[in-house]
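Peer 1: Here's the letter readout for the chains.
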Amino acid sequence: MIVRRLFWSNVWKRNLRLYSSAVGDDFRLEEFSSKYLGHRKAKFTENLEFIDSGNAEAISIYRATNTAGDFVDPSQDPNLSKDVLVKMYRDMTFLNTMDKILYDSQRQGRISFYMTNFGEEANQIGSAAALESTDLIYGQYRETGVLVWRGFPMQQFMNQCYGNALDYGKGKQMPVHYGSLEHNFVTISSPLTTQMPQAVGSAYAFKREGSKRIVCVYFGDGAASEGDAHAAFNFAATLKVPIVFFCRNNGYAISTPTTEQYGGDGIAGKGPGYGLHTIRVDGNDLFAVYNATKAARNLASQNIPVLIEAMTYRLGHHSTSDDSSAYRSKDEVEQWTAKDYPILRFRSYLEKKGWWSAEDDKAWISEVRKNVLKAFNEAEKVKKLPPEELFNDVYAELTPNLKRQKEELKRHLEKYGKHYPLENFQ
Amino acid sequence: MAHCRVLFQTAKSVSQPIRFSSTISFIPSKADPALGETAKLNMCQSINNAMHIALENDKSACVFGEDVAFGGVFRCSLGLQDKFGKDRVFNTPLCEQGIAGFGIGLAVAGHTAIAEIQFGDYIFPAYDQIVNEAAKYRYRSGNLFNCGKLTIRATWGAVGHGALYHSQSPEANFTHTPGLKIVVPRGPIQAKGLLLSCINDPNPCIFFEPKVLYRTAVEEVPVKDYTLPLGKAEIVRPGSDATLVAWGTQLHVTWEAAELAKKELGIDCEVIDLQCMAPWDVDTIANSVAKTGRLLVSHEAPVTSGFAAEIAATIQRECFLNLEAPIMRIAGFDTPFPHTHEPFYLPTKWRVFDGIKQMMEY
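Chains as they are written, first to last, in this note's numbering: chain A, 1011 to 1436; chain B, 170 to 531.
Everything labelled a hint here was simulated from the structure, so no lab data went into it. As the structure is a prediction and not an experimental result, all values here were calculated from the model. Virtual Cβ for every residue (Gly too), placed ideally from N, Cα, C. Heads up, some of the hints might be wrong.
Derived contacts from chain B toward chain A, CB cut-off under 8 Å, selection only [said to hold, decoys possible]:
hint	residue
1	His-280
2	Leu-313
3	Thr-344
So, partial list: chain B residues that the calculated Cβ filter (under 8 Å) puts toward chain A [to be verified]:
hint	residue
4	Ala-208
5	Thr-261
6	Gly-270
7	Val-277
8	Glu-302
9	Phe-314
10	Pro-448
Take the sequences, apply the hints, and build the full model.
Peer 2: See below:
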């Protein structure tokens, strides 16, 4: 009993001392700041005041050039060589031309599905150019330009869309679900945002390897609403991995405008809450995207995860299964096309430099059209992998169950093969 | 350790229910003598030992999840961080979809990922990552990318008082997804060998650990690094009158019922531990049923669409001419897992015993 009374009297004395002085406040502020708030300095306030997110100024949109393609502040010119800049332009227009041809071919029923990149060419090429070719890319599906920049063979785009025997993906997935080990581009999958926490895991592996590689993961403003985005931002910040989160905010997730997607300051507005270095850029300004991604890569390589929100506009339909006039006005699309087409903005810059001309453009586009059509027709002629291919790669090995089922299909086709489109398969 | 041994002996020697604890009576197995020197380990320690070996063998291997750094809420990762470092054994934020996605990403980069989901009941937020991503990674990329180096460990099964969210057996939720391997060990020897197989296997694996056995199950576990084959069932009790199939905790319940049937009815049951639900060992079960003519499958999970349904359907096709009675399924009822009514929900040895009896009298 005596011991207990002594104990409590000590606690009581100590509590009194804390309570009656600033020592208690200091103690708590130190604890909250260092242990709860990642060393952010917190203080007490006697003002009962909520943070009104609607009143705060939105995060600024970083730009390098204006819509006429002129540098607003010349110090922001990355001074890239003519060769690099012309390649950027060629890649953007190649992507645009291929999109038009493949979109039309879907309309003619020659491929089953397609998704264009109209209006987002600059954010794809600008960011891809600022990364190292060994950096690992995880994409959503509207990042074909990144593969174009990395030299993914033209024929492969067509092979994948046809799912023919030459497709790297062996004809397993829908069109535009590209992937390439050689180009460090992880195969696209349809479920939105699943790639984001995966990208964090790969970035963690690179950190442990000390390989100097980083991961760049692309996603749309709609995808950012998925729980996996939350998981990824949070894991990246707590595990301190070399990653760049690149959000393409193009105003729509299929038919859903961003006003129905989030209530805050866009996607960039979320970044600081997770402890991510964050920037918002003009996604139609190739130079701004390039500069921001270059700087982000530099931070990421020091295990400081970064979030980039590129503001752009989805000029095309969501996909070939969508008619966007059902939910947005033709006028809105026309205004964006007329007032800020990223390819034209960049072309103005090149033309003023004397590095590109209307004749160059005509000749180049006509060459691209010819090559794409040729590749497309070639892909159409290539047969698909044999029916039994459907059992491969489920597991690293063929399980006894799958062996049985493979035999079952073989026996069935021996009897009923004439009812199946075998002529299209090897 | 001493404490564990006491619990173990209590469970063995007392037949009536222990308060707030499952009534399971663990029946220890013997390891293959060829595996050499053994040590007395409970299942928790054997899993710890397996992860220890995995981390030592493979410098890329990482162990991560909620609360694994201090040793885990079940103490399975005890001491691993001290030995292998904070970058290899670490806590993640509390987010199962993140844990699974992060693990896939590690594996895609070629690193060995050993992820822990604290309870099988909480694996569902990760369901999308497991089913749509992990399982399909190799297939959808034409084998350009894979996440074969991913193993997800999760606690599993009834524990006496776990109610709805600390008792579930979700294996059948995953066996319907091609591309995954699903494993449940029955004790420490199998836990170590099968977990090491999962970690080494070039496919994503889910390793469900019967949590009621963590401390109550003690066996002489081989000290060395060894693996047990995935996709292979084990006949733990040979018999000639009926075939009984189960896995995890339920294997012991079924085994006990077999002994009871022998004692009370003179029926000699063959008891088989399935061990692996995907891919599963059709041949061992079919060969046994061809011999006995009768099959009973038992699991804790609800009966409708439980994995016993898959076994029953396959065996009736494979062994139609051998079957002398309908295939019997003794499983959990089609309800959520209840708290106070757990003793009546579970497929107890008496329910299995009665099932054997009905099957023999058919």
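Peer 1: Would you check whether B:Phe-314 satisfies its interface hint, that is, whether its CB is within less than 8 Å of any CB in chain A?
Peer 2: 6 Å, holds
Peer 1: Holds or violated: is the Cβ of B:Gly-270 closer than 8 Å to a Cβ in chain A?
Peer 2: Hint on B:Gly-270: holds, closest Cβ of chain A at ~3 Å, below 8 Å.
Peer 1: Per the CB criterion, is B:Glu-302 less than 8 Å away from chain A?
Peer 2: 5 Å, holds
Peer 1: At a threshold of 8 Å, is the proposed contact between B:Thr-261 and chain A supported by beta-carbon distances?
Peer 2: 6 Å, holds
Peer 1: Any CB of chain A closer than 8 Å to the CB of B:Ala-208?
Peer 2: Since the shortest Cβ distance to chain A is 31 Å, the answer is violated.
Peer 1: Please verify that hint: B:Thr-344, Cβ, nearest Cβ of chain A, below 8 Å or not.
Peer 2: 11 Å, violated
Peer 1: Taking the least C-beta to C-beta distance, is B:Leu-313 closer than 8 Å to chain A?
Peer 2: 5 Å, holds
Peer 1: Against chain A, is B:His-280 within 8 Å by beta-carbon distance?
Peer 2: 4 Å, holds
Peer 1: Given B:Val-277 was flagged as interface, is its beta-carbon under 8 Å from a beta-carbon of chain A?
Peer 2: At about 6 Å, which falls below the 8 Å cut-off, the nearest Cβ of chain A leaves the hint on B:Val-277 intact, so it holds.
Peer 1: With chain A as the partner, please determine if B:Pro-448 meets the hint condition of a C-beta pair closer than 8 Å.
Peer 2: Check passed: Cβ of B:Pro-448 comes within 4 Å of chain A, closer than 8 Å.
Hint compliance for this structure: hints 3, 4 are not met, and every other hint is.
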